[in-house]
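Trainee: Could you put the whole structure together from the sequences, leaning on the hints where they help?
Residues in the sequence shown are numbered consecutively from 34, following this note's numbering.
Source of the hints: derived by calculation from the structure; they are not laboratory data.
Calculated lysine-lysine pairs in the DSS-like style (CA-CA distance at most 30 Å, straight line): (1) Lys267 <-> Lys307; (2) Lys329 <-> Lys303; (3) Lys60 <-> Lys91; (4) Lys215 <-> Lys238; (5) Lys215 <-> Lys298; (6) Lys190 <-> Lys119; (7) Lys184 <-> Lys238; (8) Lys238 <-> Lys190; (9) Lys267 <-> Lys380; (10) Lys298 <-> Lys329; (11) Lys184 <-> Lys149; (12) Lys172 <-> Lys149.
None of the values given here were measured: they were computed from a predicted structure.
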Amino acid sequence: MKKNILLLLFAGASLAAGAQQYTVSGKAPEGVRKVYLRNVTTRAVDSTAVADGSFSFKGDAAGEIFASVSDDAYHELPVVLDGNVKVDLSTETASGTSENEELTKWNTVMETHSGKLSELMTEYRGYREKGEVPAEVEKRISEAYEAEMGKMTEAVKRCCNENMTAKFPAYFLAQMASMMEKEDVVAIVEAKPAFLETSILSRVKSSVEGWKRQMPGRMFTDLTMADTLGVEHKLSEYVGRGKYVLVDFWASWCGPCRAEMPVVKELYEKYHDKGFDIVGLSFDNSKKAWTAGIQKLGLPWHHLSDLKGWQCVAASVYGINSIPATLLVGPDGKIVAGGLRGEALEKKLAEIFE
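Mentor: Below you can see the structure in the form of structure tokens.
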């Protein structure tokens with residue numbers, strides 16, 4: 034009997050330790066009648082009526098700790114569902130816990146950058162609606178957008194590195210990891226911060242394992258996919274055999290991928306006889322679309338695919354979450370560089386072959 038009581042007590046203690054009870058209470062702007070609580074990970078939505086300008090939610094986060102509080106008046110802010118959270122939708126601030134206070138502070142920083150990015154996109158769309166965007170305007174907006182995005186990703190990097198024992202940085206890293214330098218994200222993950230254990234970063238963690246395989250100096254990782262005739266081939270049949278090989282992750286349905294192909298074809302024709310080769314790894318689902326794309330674009334190099342789209346083996350092995358993407362592999366099978374496109378690829382090949 035004593036043993037059974039001890040087991041019950043232990044089980045109860047375990048459940049209590051795993052629970053993440055929260056309350057989210059606060060003030061709504063005048064005229065707002067309903068407030069919403071949306072979980073970032075599960076997408077579950079709760080709502081409550083506003084009474085005398087106040088509202089309240091309570092529950093158990095059960096490990097899914099990131100949510101947003103919003104109203105119909107376009108106020109919205111992120112919160113960490115852990116403990117007693119105080120929200121003021123008029124000022125879009127959260128307090129009550131250090132996690133929420135820091136999340137609000139850093140969210141203000143991020144929104145400064147995202148606001149400028151939004152202004153640039155609005156300006157660009159304005160020109161598009163009037164007709165063709167002048168070349169000099171497109172260049173200016175593109176450069177400004179890239180610079181502002183660089184500032185935003187640096188802010189996320191700084192937020193993570195300065196708050197390794199907190200959970201809130203996961204909210205920003207989950208959104209921005211794919212736009213950050215892979216080396217920076219890998220370094221953050223390998224430092225094993227506390228926020229790495231939040232469920233919102235599960236996809237980032239799995240991507241990082243692939244990104245490590247893209248790091249310059251690493252030996253390429255082999256994989257198997259089929260050619261257009263359905264015959265399976267290993268990547269090692271083409272890579273690590275004395276040539277510089279561009280592994281090109283693409284798909285026939287990918288507009289930016291297709292737009293890159295004239296430049297890639299030109300470089301292939303220019304350097305193929307000097308020891309340059311290409312292997313296209315397709316993210317297509319349809320064999321007909323894939324083979325038609327190859328034929329229409331006139332792509333004379335090796336092509337492989339398992340026709341599983343984003344679930345293809347190439348995506349999982351190398352952590353590819355956006356295309357076009359490339360890896361340049363040296364004659365010895367070691368990664369030379371990743372992400373080379375357009376002028377950057379042209380410059381790198383000129384350094385190698387000329």
